[in-house]
Amino acid sequence: MSVHGLKKLAIEHLRGSVVPFVLPFEKNKKLTVVYGENGTGKSTICDAFEFVGKGRVGSLDNRGLGKTNRYWHSVGKKPTDVSVTLETMDNALCRASIVNGEVVANPSDGRPRVEILRRSQILRLVAAQPGDRYAEVSRFIDVSGVEASEATLRELIKQLNSRRGEAIAVVQANEESLQQFWESAGKPGTDSLAWANVEAKHDPGATDADVAALTALQAAYSRLVDYPLRLKSANDGVQSAKNELVAAQQKAQESVQTIASDAGELVSVLQAARTYLHKHPSPTSCPLCESDEKVQGLSDRITQRLASFSGVQDVQAQVKMAESALIRANQQVEMLHENAEKHLQEFETVLTGFAWPADITIPALPQDLGILEAWLSETAHLPAEWKMAETLRQDKKQFLTTLNRALTTYAENVLAQKELDALLPKLNRVLEIVEEERRNFSGAILAKIAGEVGRIYELVHPGEGLNKISLQLDPAKRASLQIGADFCGEAGAPPQAYFSESHLDTLGLCVFLALAALDSPENTILVLDDVLASVDEPHVDRLIEMLYAEALKFRHCVITTHYGPWKHKLRWGWLKNGQCQFVELARWTNQSGLTLIRTLPDVERLKLLLAEQPPDPQSVCSKAGFILEAALNFLTLLYECAVPRKPEDRYTIGDLLPAVKGKLRQSMRVEILTGTDANGAPTYKCESLTPIFDELTRIAEARNVFGCHFKAISFELLDSDALQFGQQVHALMEILTDMDAGWPKNSNSGEYWATSGETRRLYPLRKPS
Amino acid sequence: MKTPSQELSEKIIERLIREGLITAEAANAIQPKLAEGKLRGEDWRLPIELGVRKEAKP
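Residue numbers (my numbering), protein chains in the order written: chain C, 398 to 1166; chain U, 6 to 63.
Hints are computed from structural coordinates only; laboratory data are not their basis. A couple of the hints might just be wrong.
[What the hints assert, rightly or not] Below 30 Å or equal to it, Euclidean Cα-Cα: the simulated DSS-like pairs (lysine-lysine) are:
no.: 1; chain 1: C; residue 1: Lys1082; chain 2: C; residue 2: Lys1142
no.: 2; chain 1: C; residue 1: Lys794; chain 2: U; residue 2: Lys59
no.: 3; chain 1: U; residue 1: Lys38; chain 2: C; residue 2: Lys865
no.: 4; chain 1: C; residue 1: Lys815; chain 2: C; residue 2: Lys845
no.: 5; chain 1: C; residue 1: Lys815; chain 2: U; residue 2: Lys7
no.: 6; chain 1: U; residue 1: Lys59; chain 2: C; residue 2: Lys823
no.: 7; chain 1: C; residue 1: Lys598; chain 2: C; residue 2: Lys865
no.: 8; chain 1: U; residue 1: Lys16; chain 2: C; residue 2: Lys555
no.: 9; chain 1: C; residue 1: Lys966; chain 2: U; residue 2: Lys43
no.: 10; chain 1: C; residue 1: Lys555; chain 2: U; residue 2: Lys59
no.: 11; chain 1: C; residue 1: Lys1142; chain 2: C; residue 2: Lys1164
no.: 12; chain 1: U; residue 1: Lys7; chain 2: C; residue 2: Lys451
no.: 13; chain 1: U; residue 1: Lys7; chain 2: C; residue 2: Lys950
no.: 14; chain 1: U; residue 1: Lys7; chain 2: C; residue 2: Lys823
no.: 15; chain 1: C; residue 1: Lys845; chain 2: U; residue 2: Lys7
Note that the structure is a prediction, hence the values are computed from the model and not measured.
Given these sequences and hints, build the entire structure.
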């Protein structure tokens, strides 16, 4: 985006520009006043600035048209025909056009920054709802980012306060637990905490070895306890087996004796024969006697004989079983002895392998297994004692562990509480600072805006006491802005309730200007579309003066108006217009569209008439007379000169010129600013008005003869008198007025009347008596 | 051009440093987040806590 001065604005087929229209801007003039009666296309120019700057056309808003882009192009044209091009003094261009229904700028970053205020919007800020008013200024005071961070800080403080409360409660609970421990321990020392700290130094694992040794001792002892009973049972088993063997042997003997003395041997022979015959089932002779007699059926007969000896066989089997049972019983007894010896050895190892504390009773070892039962009986009370000693040690360990845990928790929470005690005041202070800075920041900006509004307002309504404007955020609501003013001593009164419509319009304009000037005004083109409509006459001049002054802050200011007096006051140089370019629009037609009229101030026109070759005496006299009447009207009012009363102020040169007379005429002089001296002080040259008035008095008749009506007497007069009249009037205006700074109307010096910037100083201040 | 939040955050940070509540180094780290509304509770706590600890160990 270029920020150079504006060169020209070219509008094609936007709204009223049915044919391409170009508005040229004069170099080094930052204010352009576009004058035109209603229907001349002023708003089209404003629309063009909005189109190129903001990509929209706001003048059609709120007219019940719905989507207004259907009406942006001129009648008979298409949206794609619309274009607006802004050219700057560095020859940079920004062209806006409609592409696919969207306003596109080329280059895209070349859009000028534009702020527009239209007549219909002038009360927007003053009469809006507080929320809407806030929206207008939010871009200057919207600190929602900081507010969000502030909220997290507030939440953090809340959480930490809660955590601190919990830490305090835990510390109290820990203190109570320690007190109970202390009381249980009999309140040794001075207080529970000192005691707990000493106790906590003891190693909870110090008794672990005692406990382990006691556990092993009890286990070793318990393994010995059953041996007497088991040994007795095993010995009984041996004895029983012996008895059973004797009985079986006796029974077997008796059974053999009942059969034959050698029955036993015979049975053995028969069994061997049966085994042989089983292998050789068809022998040809007896294997024992080698006789073949009765060899037939030998095997069957042997089987029959063995069957007769079966009772003897059973008894012999029982004997064998009894013998085996005795062997096993003896082995059992032997094994029990070995195990008992082994466990007794283990018990001895446990007993002698540890340095037993004094409170543990250690028994003497039994000399042999024979006295084990008696020994166990003597020491039967010891396992219970050992168990109690083990339990005592485990309880002590548990106590120390619990005490340590309580102390650790206590210490942690005391530390946490202390840390929070140190941290929270700091965080609270940070929050105070954030809140304070935020309020101050928003307050300062609003105060600055309000002060600026008041200052601008005072330029238009000086001394009315309505300049104390206040803007305040509503603390009870978010994004709500209240506007107030001092009215009849009541501070903060809503201006909507008390101000006249004209005053409210001025206030709305002041608010808009103050806001626009707050945000990079040097880059901003300010467009004011017909904002003077309702301002009452006494305030218009000051409003215009104010606009001149404020416009200088901006990159450029365009003001459209249909206020006729402004045009005429500019023509007469009654307003300072050094920075002002005045353009006038002719009546709009659908063939020609917007058209500019070149408007020249009358003094400039007189100068041109005098410069013509040959000059026209009649035209010169006519224009000069017109100007002289204006100058004399100004001076006679300024010095309160006596002139005949006439209806409708229809004074002529004949009435006014003689009124500037006597001491007044003799003393009238003008100091003209020529520059500054070496010290920077302004330097002036002095010009007396007396000879001009004297000469004008001499030749004033020329005006009536040449400039007003056809008179044959004019044939008798010299053209040079007519031209001299024009030259004297021009000289008077050159001395008295400054087309850039206006007429000398300011008496603030108390010595003279001055133009703006004191480029002219008119003496005397008052008519000499 | 700075946003109002950025301008305000600069003022806040400057004041916090002036009052010795945070160090300039910590301030540099938190200022952008402060302006953007992205400063979490821990982000507030850490620099202040560091300041408190520094104060406790002169």
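Would you mind confirming whether the straight-line C-alpha gap from lysine 59 of chain U to lysine 823 of chain C stays at or under 30 Å?
At roughly 13 Å apart (the allowed maximum being 30 Å), lysine 823 of chain C and lysine 59 of chain U satisfy the hint.
Quick one, are lysine 815 of chain C and lysine 845 of chain C close enough, alpha carbons at most 30 Å?
violated, 45 Å
Need the status of pair lysine 7 of chain U, lysine 950 of chain C: alpha-carbon distance at most 30 Å?
Holds, at about 20 Å.
Assess, step by step, whether the Cα of lysine 7 of chain U is no farther than 30 Å from the Cα of lysine 451 of chain C, and give holds or violated.
The given pair, whose Cα atoms are some 21 Å apart, holds under the 30 Å limit.
Does the structure keep lysine 555 of chain C and lysine 59 of chain U at a Cα separation of 30 Å or less?
holds, 24 Å
Is the hinted pair lysine 7 of chain U and lysine 823 of chain C satisfied, with a Cα-Cα distance of at most 30 Å?
holds, 29 Å
Pairwise hint evaluation, lysine 1142 of chain C against lysine 1082 of chain C, where the allowed Cα distance is 30 Å at most:
holds, 19 Å
Does lysine 1142 of chain C pair with lysine 1164 of chain C here, judged by a C-alpha cut-off of 30 Å?
holds, 15 Å
If you draw a straight line from the CA of lysine 598 of chain C to the CA of lysine 865 of chain C, is it 30 Å or shorter?
Not satisfied, since the Cα-Cα distance of roughly 76 Å exceeds 30 Å.
For the pair supplied as a hint, lysine 16 of chain U and lysine 555 of chain C, confirm whether the alpha-carbon distance does not exceed 30 Å.
Holds. Lysine 16 of chain U to lysine 555 of chain C sits at ~25 Å (cutoff 30 Å).
So if I understand the rule, the pair passes when the alpha-carbon distance is 30 Å or less; does lysine 38 of chain U with lysine 865 of chain C pass?
Answer violated: lysine 38 of chain U to lysine 865 of chain C is near 38 Å, above 30 Å.
Sort out whether lysine 7 of chain U lies within 30 Å of lysine 845 of chain C, counting only the CA atoms.
holds, 18 Å
Hints 2, 3, 4, 5, 7, 9, counting from the list given before, are not met by this structure.
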